[in-house]
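Participant: Using the sequences plus the hints, can you model the full thing?
Sequence order for the protein chains is A and B. In this text, residue positions in the first sequence follow this note's numbering: the first is 1, and each later residue adds one. In this text, residue positions in the second sequence follow this note's numbering: the first is 1, and each later residue adds one.
If you're looking for bench data, these hints aren't it; they were derived computationally from the structure. Errors might be hidden in some of the hints.
Said to hold, decoys possible - Here are some chain B residues pointing at chain A (derived, C-beta under 10 angstroms):
hint : residue
1    : Y35
2    : L41
3    : G42
4    : L43
Computed from a predicted model, the values in this text were never measured in an experiment. Where a beta carbon is used, it is the ideal one built from N, C-alpha and C, also for glycine.
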Amino acid sequence: DQQVKQNSPSLSVQEGRISILNCDYTNSMFDYFLWYKKYPAEGPTFLISISSIKDKNEDGRFTVFLNKSAKHLSLHIVPSQPGDSAVYFCAASIYGGSQGNLIFGKGTKLSVKP
Amino acid sequence: EAQVTQNPRYLITVTGKKLTVTCSQNMNHEYMSWYRQDPGLGLRQIYYSMNVEVTDKGDVPEGYKVSRKEKRNFPLILESPSPNQTSLYFCASSYLTGSSYNEQFFGPGTRLTVL
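Facilitator: What follows is the structure, encoded as structure tokens:
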């Protein structure tokens, strides 16, 4: 059973607009959530994270929102830029990630059009 | 430069021919892990290691072996590869602390094709 779900395989937005990528999870033990970004022919790179004790974390153009009651998190990119075009993976961990393991979603391919 | 390296980056082989994909990190990380990425399935964990001589199965360990004899290296071994192991493989590493999340650093990936 998939514990971390990204139900949109792809998303297309216009440059300058907001991109919203969504992620749902089923395991209430998850207490740390992350977003990774992946360009073709490269490994995933860490983008932003949020602990379950918070409901929002911001880093420049990137903001992650967490709704624990709905078991839902989202990544907002404002304004979107063509260089943001990549696959975005949502990931979750237990015990704050202190045991290392991450559970990944299937990814959402974001295309930002000039 | 802090990095995770994988070799080879690309490999085409035939069914049953043993192969090893190497992974090395220079950040003195305790934790290392192997993932495979397949279309529509995202990243799935194969094996992980929390320190030297400590390894454990992930979600999809069948057909794979690993070893962790040194802290920096975590090779992935396919004793008898099959076509369903055709995939893109990533190695990752991170520190382990009890109090805070530790970012996982990923290697560039190894694209394996088994004919």
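Participant: Does each hint hold? Answer for all of them.
Facilitator: Hints and how they fare:
Residue-level restraint check for Y35 of chain B holds (minimum Cβ-Cβ distance to chain A is 8 angstroms; threshold 10 angstroms). For the restraint placing L41 of chain B at the interface with chain A, the shortest Cβ-Cβ distance is roughly 6 angstroms, inside the 10 angstroms limit, so the hint holds. Taking 10 angstroms as the C-beta contact cut-off toward chain A, the hint placing G42 of chain B at the interface holds, the least distance being around 4 angstroms. Interface hint at L43 of chain B: satisfied, since its Cβ lies 4 angstroms from the closest Cβ of chain A, which is below the 10 angstroms cut-off.
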